[in-house]
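One line per chain: the protein sequences are A and B, in this order.
Start counting the first sequence at 37; every next residue gets the next number (my numbering).
Start counting the second sequence at 695; every next residue gets the next number (my numbering).
Note that these hints are calculated values from the structure, not bench results.
Listed below are the simulated SDA-like cross-link pairs for lysine to any residue, each with C-alpha atoms no more than 20 Å apart in a straight line:
| # | chain 1 | residue 1 | chain 2 | residue 2 |
| --- | --- | --- | --- | --- |
| 1 | B | K914 | A | R864 |
| 2 | A | K671 | B | D1185 |
| 3 | B | K912 | A | Y835 |
| 4 | B | K912 | A | R834 |
| 5 | A | K812 | B | E913 |
| 6 | B | K1141 | A | G678 |
| 7 | B | K1165 | A | T329 |
| 8 | B | K723 | A | R928 |
| 9 | B | K1141 | A | P697 |
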Amino acid sequence: MRRALGVAIPALAAAVLALALALAVGRRDLVHFSLGGRAFELLRPSALYLLVGAPLAFTALRFSLVDLTRRQQWLSASLRALLIALLALALARPSTVGQRSTVATVLLVDVSDSISDRQLDDARKLIDEARATRRGDDVLRVVSFGKHPRALDLPPDGTPLAADFLARHDGDTSDLSAAVQLAYGLFPPGTLARAVLISDGNETAGNLAAEAFAARDRGVRVSYASFPAEQDDEVLVRSLELPADVKVGAPFEVTAQVYASRAGRATVTLYRDEFVNPLDGRKELELRAGANTVRWRSEILQPGFTTFKAVLSTKLKDHFAANNQAVASVAVRGKPRVLYVEGEPQSSAYLTNALRKESIDVETRGPYGLPSSPRELARYDLVLLSDVPAMFVGPAQMAALESYVRDLGGGFIMAGGENSFGSGGYSGSRVESILPVRFDVEKKRDQPQLALVLAIDRSGSMTGEKIELAKDAAKATAEILGGEDLLGVIAFDSMAVPTVRLQRASNRTHIVQEISKLQAGGGTSFLPPLRMSFEWLDPTPAKRKHVILLTDGQANYEGILELVAEMAEHNITLTTVGVGAGADKTLLTKMAEDGGGRFYYTQDAQNIPKIFTKETTQVARSALVEEPIGLRVVKHAELLDGVGINDAPPLRGYVTTKPKPMSEVILESTLSEPILARWRVGLGQTAAFTSDVKNRWAAEWIRWPGYAKFWAHLVRSTMRHTPGTSGGATGASFDLHVDVDPPRARVAVDAIAADDRFLSGLDTTLQVIDPEHPQKPMELPLSPTAAGRYEGEFAIDRYGSFLLRAVLKQNGSEVAETAGTVSLPYPREYLALPPDEALLRRVAEITGGKAQARGAALFDAAGERVPFHRELWSWLLWAVAVLLLLDIAARRVRIFR
Amino acid sequence: MTLAGAPLGLLAPAFAVLGAAVVALYVLKLRRQRVEVPFADLWQKILRDTETTALWRKLRRLISLLLQLAMLALILGAIGDPHLSASSRGRTIVLLLDTSASMQATDGRGAAGTTRLAEAQEQARRLIRGFGAEDVAMVLSLDGRPAPISGFQSDDRELLRAVDAAAATDTPADLERALRLAADALRGRTRPTLVLLGDGAWDDRVLARVRLADSTEKEKLSTIDLRGVDVRFAPVGKSGDNVGITAFAVRRYRANQTAYEVLVEVQSFRDHASVARLELVQDGEVVNVERLELGAGERVERLYPNLAGEGTRLEARLRPESPTSKEPLDAFPVDDRAYALLPPRHKLKVELITAGNLFLEGALLLDENLQVEKLAPGNYDAAATAKYDAVVLDAFTPPKGSEPRTHALYLDPRGPASPFPVAGELDAPLVTEVAADHPLMRWVTLKDLNISHATRFALAPGDVAVAAALKQPIIAARERDGRKTVALGFDLRRSDLPMRVAFPVLVVNALDWFAGADTGLLATYATGQPWRLPAPPGASELAVTAPDGKTQRAPVHDGRASFYGSSAGYYQVSPLPPSDAPAAMRQFAANLASSSESRIAPRAELIVDGRKLPPPEPGRLGVRRSLWSYLILVALAIALVEWWTYNRRVTV
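This is chain A alone, in the form it adopts within the complex:
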């Protein structure tokens, strides 16, 4: 019974203890408690269940055969129970929670290629210093990094560092942020985390500045020790630049930025798609110390992708070979398309052939060929109108042309000839408004004075629109003429009525008033008006005397041709204008032929004013200068480069114009009148070439070797100038911005229309074209991040240059296309950049680290303390060891008798 009790009581005690522990500890991972004001933690409380073994020690008492007194047996059992309890407690890992300022410092040593051997030696010294100054518990770790960080094992204290302790690895990139991130994993818990970057601060991947915030958030202070700037002998090609907008056949400049640490000779060769650039390939140069610029002229003859490579070779000392070349690629659009509308189609071959020779696609059309919608015009990059009289160009066509230039960014050139500018009847038209020159030219004193009589049919058939238009035409004529010129208007039916007697055109108000009074009604007879004209003009002292006869009907032939012949004898010329089907073309043609003038026929009365103005300017001849003229370059524009304009043969004539105030006159005649002028109109550009393009005035030019070049350059500089835009309805070009963090590149496209509108809702895709495999572009969608902004990210697969093309579509049709390039010719590590201490300093500032930390500063706690667990189990075990001795003594020495 007693024995049963002796087992039951300790068992019960053990059970109660177990239950109490289950309630107090449960399955908790950690137990906090405080004792005497100090905080304690049990880090493995589950071990406390072993305490149950302690009461069980007392069960043995009931079965004991030991011949000691009861009291001593109880003592012995208690000691053993205590010993077991202490062991169990030790296993539960009690610890005090304290504060300490133990520092764990991770030295992050840059071993990338931009670090010289001497700098690496410095870094080794710094590590040795750190080992020497490390105090007590402080922890020192070393990480070396290039592209990847690597944790190094330090030899035990007292052992010197192995010679190859800081071996170089992954040297083509410096990723400082990756090294800092790796350091996070190296700080033991309960230490103050310090990282020290031993680097030149030239980050070629990653984003250290951003990482600094992460480091600060986790309490890691990042200090740095940078190396004194040390310039290794180095020659490199820093970049190769191409113009954004290269066109087939158009010469352009390729620029390389070459850096040399010291002066010397070098050869830089430009390759175009693996072959030495044909125009201008190898350059021998004397490099200055510092930055040098090398330029080549090149051209591209095939549309598509072209990669240029500049390769430098030199006998100068050079540290890195990888950076002696640079690449750049460019996407070249197809040939420019030009619409050439020629008033004299038989003479169009000269310019057409010249432009085709210069890789420009030319579509030649006759005088009626100008499209009447901007959409149709948008297919061309430039429209050239040469010697086409205004009467062939309707209002719709002119409006289309204006919109094409102003809104769609198209180019427009008007080339001269008898039928261009003022003498083509364009005065006051929309075409004049977009050209950089005015047509209303004051008369020169040495020009012959003109006496002009307008004979206007006012027969019954002219009633309505025709007579009104005829009146408008007469009024316009009055406006065009110089003040000194004489003008008379005769209205005729079967009789001639002097509407305006021959008088100075300066009496414009009066003349116009008189013309307005004209009324239609009656038959038709030509003789009376001609006779009246003859009477008026013959006595006039004017050098030129001219009659314009307008009719829509038929008349008696009698006496007419005789009179015309007589007038011709008296230097009076006659031009006839037939309107409508009723006009007697045979008679009118004959009259004009005999009268030394021209015959015009039109179905459409709308053309009457244009015919009148053209005829008037032509007769006045005030607008035409027809004599061999010399050229003067007023302004040296890019388009004259390589043309040899100074060797140009003289031109035989031109149309007189006046430059408009904001225009840019590039060439002028010896009479100081513009030959070539241009300006911008809205998004586009227009140019006026007042001489002609064919064998009349430019007869010598077309044989001149510079002719084709001149026109090709003029066409290229004037044509639609939106890089990468082809056939776009808006013609707008957008900003494409690339931000490279190798191997990632972020692209942002800003679609902002010319009128400041953000273009949103577009489906935007970015094509990344590797010039080595242009057929397989990588495509990725760009997502809208704000109004008019589209962004995306891609990874660059290799070193080289890539073309980017963002295609913006709306409802499936392309709205615009924007091109760019991204070039990563070789690892940025080899750019030989000066140390970037600023970045390191900034990181130190953000994280609270130190600048140029060395020695003891590496382990500076900076007054910080960190919570830390001091484990107590080893003290408990010492107690157990002593207790064990007592326990044995209690058995071996009889204490109680």
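We have chain A; now place chain B onto it with these hints.
Structure of chain B alone, referenced to chain A:
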């Protein structure tokens, strides 16, 4: 084997002393207790037994002594804290715990409303508890800024603590960075293992670049090299249904700087049609409600052009169609709200020092954002310039020592006091080089600009030749000590620049650059990217208060403060040291606005480099590296057993 605790130099003498004491105690003969026994036969039996067991008795004593010494040795050995050297059988595990925004989706397994992160954390805890004794592991968080949240540990508790502390941010997952980081951490370690713990809603294009095995294919720059690493995937999340705001941004117009355009993009990530209400809330009031019917995967954009207002808070909210419905729209609430702000308008105070220049005055007067004060050169006072945002000096160069105390635009500076030393004269220069990416040249073309006469500048290091004629700088810019200076080396009246569109744009660009206006004209930031916040002049640091109320400091460099924000909402910014200027206190908004993060459809399996990633495995049971607890357990066992045998006289 190494000792991490007490050194051998202490333990060995301790063992010697304590051991000697134990031996001495055993040598000591315990005097028998006198007991009078009346029966002689019994004695004979006992004596006979004693004779036969004399040897055994001696042995019992020796065993007892040895057990005690063993216990002592175990205890002292434990105090030495012996560690096994690194095991080659243990795994080195990186636990990549997705903490990106999509982990806030509430479709985790478990009780309703359990987030994916909670589910992932539970999985992580289970994994960590199942790690083998020889395994060491590290926890990495995968969000906009992946980073280790623990060091390499063999101690479960540290790992569990790291997992518990993980919180999901409003940032998109930067998987590439995380994988590269994991690869770096695992390089050169034994049995490297990477466990991806998340919804798997990650960028396919990044996953496609991961290499797990050697291949004949040429290694690309963009390859993420995880060769030799045992990559495993533990998926979380159930539902992929989501309708979210994938873009919400305010953008200032380029020319009309007082008006803004707001873009809202809503995208459905469901495979069936859904209806939602889009509310636009301005300063707490609903100003626009629109019912959106979205087809499967449809994307809808809404634009609110020509908004004006200063400091107005705009919020876009996406709600279930029925206004009474309390049901959430989908499992991912984070992208159902987006924030924007119409930034406060700040008129730039500009002092124009001129004897009269209509072109310039015209260009400056046209700009509504400027408050221009004109002054004749004779009245110039350097000290007074400090209260202007910028000074424009037309053909007037203040003498040395009285330079403007603010940003300055010099037109045709002359003489020795020119901010950029005049190096010579140029007749009819042609602009041949332009620094096209300089903010001054944005939307400006100087092609075939006519200048009759110009001076060329000598530049100091750091100065930028914005425009040059055959490498001779004629427009130069400088940024030094927070002060920006631009100089045009020609008189406007001697060029056709004022006739060009380029001129007013150039002037506006210069003033914008002075003001530090955001070149992208954006006023909304994206979480998970480092931000460059414009800082008022004079501030060396900004105090940025995040939506959760925590304030952090951001150092200012080049007029901009760098900051990384990880939550969506409104941020308050004030300069340090505090400034009285009313414009000094600013706010801005940040959004997740990431359609890739809103595509929350979880993946039950992940195929990388042509391989399906297997689920993680529990570790091998083995011996912990730290041995002391084993020693103590043995000692404890001996103590118990020996106590029993002692009492039963099996040992004495």
